[in-house]
Structures are given as structure tokens and as C-alpha cells.
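Visitor: Residue strings, one per chain:
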Amino acid sequence: MNSPIFKASSRAILPLALLFSVYVLLRGHNEPGGGFIGGLIAAAGLAVYALPRGRSVLVALIRVWPKALIGAGLALGLVSGLPGLISNAPYLTHQWTFPGGLAVGTALVFDVGVYLTVVGAVLTFLLPYLED
Amino acid sequence: MDILALVAASFLLAPLAAWLGGRSSPLVAAIPASLFAGFCAFLPAVRSGRTPSEVYAWVPSLGIDASFRVDGLSLLFALLITGIGTLVFLYASAYLKGQERLPRFYAALTLFMAAMLGAVLADDLVLLVVFWELTSLTSFLLIGTTPESAEARRSAQQGLLVTVGGGLALLAAVILLGRGLGTYSISEIVASGSAVAALPAAPAIVVLLAVAAFAKSAQAPFHSWLPNAMVAPTPVSAFLHSATMVKLGVYLLARFNPAFEGHGLWVLLLTSAGGATMVAGAVLALRETDFKRLLAYSTVVSLGTLVLMIGLPGEMTALAAVAFLFGHALYKACLFLVAGIVDHETGTRESTALGGLRHAMPVTALAAALGAMSMAGLPLFFGFLGKEMIYETILADTWWPALAVAVVANATMVVVAGIVAVRCFLGPRVPTPSAPHDPGFRMLAGPVVLALLGLVFGVAPWIAGDTLLTFAAQEISGRRTDVPLALWHGFTPALALSAMTLVMGVAAFLRWDALRGALSRVREIDAWGPDRGYDGLLAGLQRLAVWQTNAIQNGSLRVYVGRVLATVALAGAPALYLLGGVAFPAPDAGWLRPDLALAVALIFAALAVVGARGFVSGIVAAGMLGFAVALLFLLNGAPDLAFTQFSVEAIAIVILLAIVGRLPFRQQDARTRRQRVRDGGIAVGLGVSATCVLLGILAMPFDARLSDYFRAASVPEAHGRNLVNVILVDFRALDTLGEISVLGLAAVAAAAVIAGVRRRMSEKAS
Chain A
1 MNSPIFKASS RAILPLALLF SVYVLLRGHN EPGGGFIGGL IAAAGLAVYA
51 LPRGRSVLVA LIRVWPKALI GAGLALGLVS GLPGLISNAP YLTHQWTFPG
101 GLAVGTALVF DVGVYLTVVG AVLTFLLPYL ED
Chain B
133 MDILALVAAS FLLAPLAAWL GGRSSPLVAA IPASLFAGFC AFLPAVRSGR
183 TPSEVYAWVP SLGIDASFRV DGLSLLFALL ITGIGTLVFL YASAYLKGQE
233 RLPRFYAALT LFMAAMLGAV LADDLVLLVV FWELTSLTSF LLIGTTPESA
283 EARRSAQQGL LVTVGGGLAL LAAVILLGRG LGTYSISEIV ASGSAVAALP
333 AAPAIVVLLA VAAFAKSAQA PFHSWLPNAM VAPTPVSAFL HSATMVKLGV
383 YLLARFNPAF EGHGLWVLLL TSAGGATMVA GAVLALRETD FKRLLAYSTV
433 VSLGTLVLMI GLPGEMTALA AVAFLFGHAL YKACLFLVAG IVDHETGTRE
483 STALGGLRHA MPVTALAAAL GAMSMAGLPL FFGFLGKEMI YETILADTWW
533 PALAVAVVAN ATMVVVAGIV AVRCFLGPRV PTPSAPHDPG FRMLAGPVVL
583 ALLGLVFGVA PWIAGDTLLT FAAQEISGRR TDVPLALWHG FTPALALSAM
633 TLVMGVAAFL RWDALRGALS RVREIDAWGP DRGYDGLLAG LQRLAVWQTN
683 AIQNGSLRVY VGRVLATVAL AGAPALYLLG GVAFPAPDAG WLRPDLALAV
733 ALIFAALAVV GARGFVSGIV AAGMLGFAVA LLFLLNGAPD LAFTQFSVEA
783 IAIVILLAIV GRLPFRQQDA RTRRQRVRDG GIAVGLGVSA TCVLLGILAM
833 PFDARLSDYF RAASVPEAHG RNLVNVILVD FRALDTLGEI SVLGLAAVAA
883 AAVIAGVRRR MSEKAS
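Chains A and B, in that order, are what the protein sequence lines are. In this text, residue positions in the first sequence follow the working numbering: the first is 1, and each later residue adds one. In this text, residue positions in the second sequence follow the working numbering: the first is 133, and each later residue adds one.
Don't read these hints as lab results, they were simulated from the structure. Incorrect hints may have been included.
Stated by the list, open to error - As a list, the in silico SDA-like pairs of lysine to any residue whose alpha-carbon atoms are at most 25 Å apart: (1) A:Lys7 / B:Phe778; (2) A:Lys7 / B:Thr278; (3) B:Lys229 / B:Phe573; (4) A:Lys67 / B:Val889; (5) A:Lys7 / A:Ile62; (6) A:Lys67 / A:Leu14; (7) B:Lys229 / B:Ala284; (8) B:Lys896 / B:Ala882; (9) A:Lys7 / A:Leu19; (10) A:Lys7 / B:Val780; (11) A:Lys67 / B:Asp867; (12) A:Lys67 / B:Val874; (13) A:Lys67 / B:Leu866; (14) B:Lys229 / B:Pro568; (15) B:Lys896 / A:Gly54; (16) A:Lys67 / A:Leu108; (17) A:Lys67 / A:Val57; (18) A:Lys7 / B:Glu781; (19) A:Lys67 / B:Leu789; (20) A:Lys67 / B:Glu781; (21) A:Lys67 / B:Ala738; (22) A:Lys7 / B:Ile787; (23) B:Lys229 / B:Pro158; (24) B:Lys229 / B:Tyr188; (25) A:Lys67 / B:Ala878; (26) A:Lys67 / B:Arg890; (27) A:Lys67 / B:Ala882; (28) A:Lys67 / B:Ala784; (29) A:Lys67 / B:Ile787; (30) B:Lys896 / B:Gly687; (31) A:Lys67 / B:Ile785; (32) A:Lys67 / A:Ala89.
These numbers were taken from a predicted model, which means no experiment stands behind them.
Construct the entire structure; sequences and hints are all you get.
Guide: This is the structure we're talking about:
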């Protein structure tokens with residue numbers, strides 16, 4: 001676990017994985033991808049980075065306990081359904097706006113929520129196995 | 133809009149109440165006070181015979197509306213809830229000053245008040261159930277205000293289980309009513325009159341409604357949660373467990389009385405339960421010395437009286453019930469608040485250890501005396517009026533068992549009133565743990581105002597009667613009553629009964645010590661009472677759970693997986709059989725496709741998993757299998773699925789890497805030959821079952837309606853071309869929300885389990 005090769009290569013993998021995960025998240029609505037896959041990719045990158053370095057490095061890197069990511073993700077998912085209620089539509093009816101022809105809507109907020117929940121869940125599960 | 137606004141405001145003001153209450157500011161009482169003012173605005177409408185109502189679509193597909201209605205009965209309750217609420221909030225701001233968790237307390241108290249308002253104003257059965265359950269939940273939080281104490285935890289749990297159990301009965305009754313009559317509207321159901329009683333399910337509905345009301349309103353044998361709930365802070369006891377929540381069951385019975393009035397079972401259940409509760413409560417009250425529990429048992433007696441009065445048919449009994457309910461709310465809340473002051477100032481609630489407090493706390497003593505006189509039913513007080521009307525109506529029916537029970541119950545009230553007011557405040561001064569004196573304005577306002585109201589309304593009953601009480605009674609009996617409330621009815625047999633009750637009560641009070649001693653020597657009450665039965669039931673449930681857990685979950689992951697898979701394999705068989713047996717799809721012309729190579733690879737990977745000798749080679753083989761499946765998805769036009777499968781495989785390998793060094797997974801397969809044969813049998817069974825099911829699905833004609841809809845609606849409605857993602861985040865977003873909640877919960881739970889295992893392991897190691 002403490003091999004220098006693993007350590008060095010995981011440092012390179014982390015930014016790539018995170019960048020790729022966000023790319024996958026954002027393209028998800030039109031091309032294969034989305035919050036769930038993006039979350040898994042980000043979690044994989046973070047997990048590979050954390051394995052040789054330990055728990056405290058992971059927590060220092062993401063700034064919060066992974067459990068908080070789950071909470072934040074679920075909260076985003078819940079909140080993204082509220083704007084629909086204002087326009088008297090059923091809960092979770094997504095609202096859209098088109099700045100410059102690009103469709104932006106609360107669906108993206110929802111997908112970010114999925115992304116964060118997945119990252120949080122995988123890391124929460126992994127955390128007890130990381131070294132202190 | 134007005135009713136909804138008031139109910140919604142009471143919920144939305146909870147954070148403000150938490151903030152104000154957390155600082156122990158008396159301004160917190162402004163919240164219920166403003167709601168009280170809001171409800172007072174409905175008085176003229178109700179007085180002119182109108183019933184303002186509002187209907188909002190809620191679940192139109194099921195015929196469920198969020199509808200509210202203000203009539204005499206609901207307005208009486210709403211005013212009691214917010215009016216007594218105001219005094220209780222003010223009282224609590226001084227009584228609980230400096231205690232822990234105040235914001236939580238006030239938030240729960242406000243939510244409780246909001247739920248109560250919702251319950252009494254709801255005109256839809258389903259809405260009523262929702263608010264009903266909310267009152268049980270908030271009551272649980274409030275009884276358990278000090279969760280450190282085991283007694284508080286037990287009492288909170290008991291109150292919750294009993295009242296929520298009643299809530300289940302209510303839900304069942306609601307479904308039967310809604311199904312039978314085709315509407316969930318309470319006013320429509322009540323207005324349909326005899327149609328309800330003629331339903332084939334009417335006996336079941338009557339029993340279920342009665343059980344729900346009895347559990348909530350502490351009728352025997354469900355009464356024991358109420359005295360136990362006295363571990364809650366006194367403001368809670370005064371508000372929830374004497375004036376409001378425990379009357380919700382009475383409210384339910386009153387509300388549905390017009391539909392079932394005269395129904396044999398309804399009358400039988402209500403009168404017998406009410407009568408039994410009055411007697412049981414009276415006996416239990418007379419052996420109690422704790423100030424609050426004493427009052428709680430007298431509340432049980434009063435609730436029994438109310439149920440009995442509602443059960444007796446007639447518009448006069450309805451008016452008597454309303455008058456009694458109103459009077460009881462005034463004097464019982466007053467006396468509870470007095471009990472709290474005494475407890476707060478002297479440091480004890482033992483009525484036997486108190487005496488002569490009138491010198492130290494004259495204002496409190498005055499409030500206690502006024503409240504107690506109303507409770508004892510002395511003339512000039514509203515309590516007299518309620519009691520007198522009860523006697524009159526029972527005498528009119530010449531129903532002797534009820535009369536005997538009512539006399540005993542009212543005599544007990546006299547005794548309790550005597551203990552509270554005479555024994556504790558008169559006589560020689562008894563030293564107490566701390567030196568008492570009258571508390572400040574905030575704590576005195578409640579008992580004094582309530583006590584004076586009992587006197588004012590007693591002297592001038594028409595003030596309450598003509599504006600509200602007769603209109604409330606009208607909703608219970610379903611008929612207009614023209615008899616005005618009056619203090620003086622002349623020299624009637626009822627007056628003689630009142631005098632007799634008073635004499636009996638005073639005699640019993642003077643000999644209370646002997647009476648209490650005799651009653652408390654009856655050990656059977658403790659050994660066989662429902663409280664003990666509750667403990668037995670709970671212990672039995674836990675034994676059952678232990679047995680079941682040991683039988684099903686023995687701790688071996690392999691056994692769990694084996695059982696689950698075997699169940700799945702077996703479950704497929706009957707479904708296939710019932711749906712027409714094994715079917716094979718029509719052979720596809722172009723079966724020789726690149727997929728075939730993958731299929732061969734899959735078979736090899738599966739064989740490699742089976743043949744793997746160690747853990748690591750097993751992981752690698754399983755990974756191969758996963759990647760092969762992902763490729764299959766990719767080739768069959770499901771790139772998202774393939775993408776996800778790849779990511780999951782990668783994550784699985786990373787996690788297994790982390791675990792492999794820490795858990796004893798490296799050992800060789802230690803199964804016996806028999807176990808291997810059994811596991812092999814399960815695997816083959818599952819494989820065969822899954823294959824048959826999949827073939828059966830392929831053989832069925834493909835219904836393309838749903839996928840055509842998604843394909844057509846994806847871009848115009850959800851602005852996305854990736855169907856899978858659009859379904860996940862938009863069309864089926866609620867499902868996804870549920871799934872990610874499960875995912876998050878599973879991760880948190882798994883982490884907690886792993887942390888526990890690791891702690892035990894490290895403890896063992898050290």
C-alpha cells in the first residue's frame with residue numbers, strides 16, 4: 001500500500017479523475033454519463049489517492065467528513081424539487097431557463113446532489129479501512 | 133385561505149418559538165396569542181350559524197383534499213389550544229428558565245400546537261390522520277424532554293406506542309369509511325347520517341374509531357400512559373396531557389357522533405369504556421400522593437365522563453359534554469400550573485409532604501382554591517354547571533348505572549380538589565426542601581387567569597354558551613339545542629345529587645389517609661394493571677425479536693447470501709408456473725453476432741470464479757465477469773449501463789484492495805463437501821431460475837409505450853438527449869431521490885457497523 005509507485009501515480013490520477021468526473025457529470029444529460037457515474041469516478045480517484053496516505057489526508061483534502069457529503073447531496077436533491085412547487089407543478093418538476101440557448105435547470109442541481117451522495121457514500125464506506 | 137394561513141403559520145412559527153424560547157423570553161407567548169386572536173375572528177361567523185371551510189387539492193387522484201372547516205366544535209378546540217397555549221408558553225418561559233435544550237422544547241411544543249390545530253380543523257379524514265399522528269410524535273418528544281432519565285424514556289415510548297397504535301386503528305377506520313362512502317370529507321360523511329351506520333363495515337369502523345379515541349384519550353385499559361407521562365415538565369402536562377391532546381380522542385368521538393348516534397355498538401362501547409374509565413381513574417386517583425399523578429388520574433376520570441356523555445344519545449348530553457369539557461380544560465390546566473409552581477418553589481410534589489402553603493404563596497393559594505372549587509363543582513363556578521348538566525341528562529334517561537358511576541367520579545373530583553387546595557395550602561406549615569414564595573407574573577398569569585375565567589363563566593355562562601358552546605354541542609348531536617346554559621336550575625333532583633356528591637366527597641377527603649392506605653394495600657392493582665401488561669407485551673416482543681434474529685441472521689455472511697439467493701431461486705418457480713410455464717422466444721435470425729464471443733468469455737469467467745482457489749484470484753475472476761457483462765451492455769446499446777458497470781468494478785477493486793489486508797479473507801475455502809454441494813445446488817438453481825425468467829420475458833411481446841413516450845418527451849420536456857439520465861434525474865427523479873437516500877443511509881449504517889467491529893477487535897487485542 002505504501003509503494004512509491006502507487007503513491008506517485010495516485011497523485012497524478014486524482015486531478016484527472018476529478019476533472020473527468022465533472023465532465024461526465026455535466027455531459028450526462030445529453031451523452032452517456034451523469035451524476036451517478038461521475039460520482040463513482042470521483043470516488044475512485046479520491047479512494048486511490050487516500051489509500052497510501054491515510055484518513056487524515058483524505059479529510060484534509062475534501063475539507064469535510066464524507067458523511068457531510070451525503071447530507072449535502074441529499075439536501076441538494078430535496079431542494080432541487082422545491083422550485084417546481086412554486087409554479088404549482090408537482091414536487092420535483094424541474095424548472096428550466098435558457099441563457100444563450102443552453103438549457104440549464106434544476107435537474108442539474110439534482111444531478112449534483114446524486115454526484116455528492118455517491119462520492120460521500122463510497123468514501124464513508126472506505127473511511128474505516130484507511131489508516132489513521 | 134384564512135384557516136390554512138393560521139395552520140401553516142403555526143407550523144412555520146416553530147423556529148421563531150425555538151429562538152425566543154431558547155432565550156426564555158416571555159415574547160414566545162405572543163405566538164399562540166396571535167393565533168388565538170386569529171381564531172377569535174371566526175367567532176361571529178360561527179355564531180351566525182356559518183361554517184367557513186376551505187378545500188385545496190392534495191391527492192386528487194385518490195379523492196383526498198387538504199380541506200379545513202371551522203364550526204363550533206373545532207373553533208372551541210382551536211381557542212382552547214391557542215388560549216391555554218398562550219398561558220402555558222408564558223408560564224414555561226419562566227418555569228424552564230436555565231434548563232437545557234430549550235430551543236428543541238419550544239420547537240416541539242409549537243409543532244404540537246400546530247398539529248393539534250390541524251387535527252381539529254381538518255375536514256378530510258386523511259389530513260386528520262396526518263395531524264393526529266403528528267400530535268403523538270410531538271408528545272413523544274415532549275414527554276422525553278430529559279432523555280437521560282430512564283423513566284422519561286420509558287414513559288415517552290409508552291405514550292408513543294399506545295397513541296400511535298390508536299393512530300393505526302384510526303387509519304384503518306378512515307380507509308373503511310372512505311372506501312365505503314366514496315369520500316374522505318368529514319363533513320360529508322357526518323352529514324350522510326344513517327348511511328354510515330348502514331355500511332356493512334360499520335361495526336368494524338365503530339370499533340376502530342373507538343380504539344383510536346380510547347388510546348388517545350387514555351380510556352381504560354389504555355389509560356396508564358397518561359399518569360406515566362407526568363415525567364414531562366409541568367407546562368407539557370398542563371397543555372398536552374390535561375387540556376388538549378388527551379381530548380383529541382374525545383374530539384374524534386364527538387365529531388363522528390352524529391353518524392353513529394344510537395348505533396347499538398357505538399353506545400355500548402362508549403358508555404362501557406367511559407364508565408369503566410371513570411371508576412378505574414377514581415380508584416387509582418385515591419391511592420396516589422404525587423401531585424401531578426393525582427391530577428392525571430382525575431383527568432382520566434374526566435375523560436371517561438366525556439366519553440360516557442358522548443355515548444349517551446341526545447342533544448342535552450352533547451351540551452353537557454361540551455360544558456364539562458370546557459370547564460375541565462379551564463380548571464385542570466389551572467391546577468396543573470399550580471402543581472408546577474408548588475413543585476418549583478418547594479422542591480416536592482408529594483401532597484403528603486405539603487401543608488400550610490397559603491402564607492408563603494397567597495396568590496398561588498387563591499388560584500388553587502378557585503380552580504379546586506370549580507373542579508369540586510361548587511356553585512358559582514363553571515365546573516358546577518358542567519356537573520349539574522351531566523346529572524340532569526342522566527336523570528332524564530333514568531339510567532342508574534351511569535348515575536352511580538357519575539356520582540362516584542364527581543365525589544373523587546371533590547377529594548382531589550380537597551387534596552390540592554385544602555391539604556397543601558391550609559393547615560399547619562410543613563417544612564419543605566426549599567423555602568417557597570409566590571413566583572413572578574409569568575408563572576402566576578396562567579393559573580390566575582384560568583381560575584378567574586372559571587368563576588366568570590360560572591356566574592355568566594351565557595358569555596361562553598351563546599357564542600360558542602351551544603354551537604359546539606350542535607355539531608356533536610347533529611341538532612340545534614335551544615336550552616341556554618344557566619347556573620341556577622332551581623331545586624331539582626340534580627341539585628340534590630350535587631349536594632350528596634359534595635357530602636360524599638368531603639367525607640372521603642376527611643378520611644383520605646385511611647382510604648388511601650386501604651386502597652394502596654390492594655397489591656393486585658399494581659401486579660395485574662395494564663401498565664404491567666404493557667411491560668409484559670414489550671418484553672414478549674423483544675423475546676420474539678431475539679428468537680427471530682437468531683433464527684434468521686446467525687452472523688455468517690455466507691449463510692445470509694445463501695438464503696437470499698435460494699429464496700430468489702425458489703420464488704421464480706411459482707411465478708413462472710402461474711404465468712404459463714417456461715416459454716422460449718422465437719429464434720432470432722441473426723443470432724451469430726459478435727456478442728457470441730462475449731458470451732463464451734462470460735462462461736469462462738464464471739467458471740474461473742467457481743474454480744478460484746483463493747480470495748484474490750476470486751476477486752480477479754469476479755472482476756473479469758463484471759467487465760465482460762459491461763462489454764455486453766456496451767454492444768447492446770446501453771453505454772450508460774456499461775459505463776456504470778465499469779466504474780463499479782473499478783471502485784469494488786479499490787475497496788477490496790483496502791480491505792484485503794485487514795480482514796481474515798486470505799484463508800482457504802474451509803467448506804465441507806456437503807456445504808459445497810449445497811452451495812452448488814443454490815447456484816445452479818438460481819442460474820436455472822434466472823435463465824427461465826429471462827427467456828420468459830423475451831418471449832413476451834415487447835410493450836413499447838413507455839419507451840416511446842420517454843423517447844418522444846425527452847428533448848421537448850426535459851431538454852436532454854440521454855434517456856437514461858433524463859429518466860433518472862427528471863421523469864423518475866422521486867425514485868432516484870429515494871435511491872440515493874438508501875445509498876447514503878446504507879453507507880452510514882455500514883460505516884457504523886464496521887466501526888463497531890473494529891472497536892471490538894482492538895479491545896480484544898489490547
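Visitor: Now, for every hint given, state plainly whether the structure supports it.
Guide: Here's how the hints hold up against the structure:
no.: 1; hint: A:Lys7 / B:Phe778; verdict: 23 Å, holds
no.: 2; hint: A:Lys7 / B:Thr278; verdict: 51 Å, violated
no.: 3; hint: B:Lys229 / B:Phe573; verdict: 14 Å, holds
no.: 4; hint: A:Lys67 / B:Val889; verdict: 19 Å, holds
no.: 5; hint: A:Lys7 / A:Ile62; verdict: 18 Å, holds
no.: 6; hint: A:Lys67 / A:Leu14; verdict: 20 Å, holds
no.: 7; hint: B:Lys229 / B:Ala284; verdict: 20 Å, holds
no.: 8; hint: B:Lys896 / B:Ala882; verdict: 21 Å, holds
no.: 9; hint: A:Lys7 / A:Leu19; verdict: 19 Å, holds
no.: 10; hint: A:Lys7 / B:Val780; verdict: 22 Å, holds
no.: 11; hint: A:Lys67 / B:Asp867; verdict: 22 Å, holds
no.: 12; hint: A:Lys67 / B:Val874; verdict: 14 Å, holds
no.: 13; hint: A:Lys67 / B:Leu866; verdict: 22 Å, holds
no.: 14; hint: B:Lys229 / B:Pro568; verdict: 17 Å, holds
no.: 15; hint: B:Lys896 / A:Gly54; verdict: 24 Å, holds
no.: 16; hint: A:Lys67 / A:Leu108; verdict: 22 Å, holds
no.: 17; hint: A:Lys67 / A:Val57; verdict: 16 Å, holds
no.: 18; hint: A:Lys7 / B:Glu781; verdict: 21 Å, holds
no.: 19; hint: A:Lys67 / B:Leu789; verdict: 22 Å, holds
no.: 20; hint: A:Lys67 / B:Glu781; verdict: 23 Å, holds
no.: 21; hint: A:Lys67 / B:Ala738; verdict: 36 Å, violated
no.: 22; hint: A:Lys7 / B:Ile787; verdict: 16 Å, holds
no.: 23; hint: B:Lys229 / B:Pro158; verdict: 10 Å, holds
no.: 24; hint: B:Lys229 / B:Tyr188; verdict: 41 Å, violated
no.: 25; hint: A:Lys67 / B:Ala878; verdict: 11 Å, holds
no.: 26; hint: A:Lys67 / B:Arg890; verdict: 19 Å, holds
no.: 27; hint: A:Lys67 / B:Ala882; verdict: 12 Å, holds
no.: 28; hint: A:Lys67 / B:Ala784; verdict: 19 Å, holds
no.: 29; hint: A:Lys67 / B:Ile787; verdict: 17 Å, holds
no.: 30; hint: B:Lys896 / B:Gly687; verdict: 19 Å, holds
no.: 31; hint: A:Lys67 / B:Ile785; verdict: 22 Å, holds
no.: 32; hint: A:Lys67 / A:Ala89; verdict: 32 Å, violated
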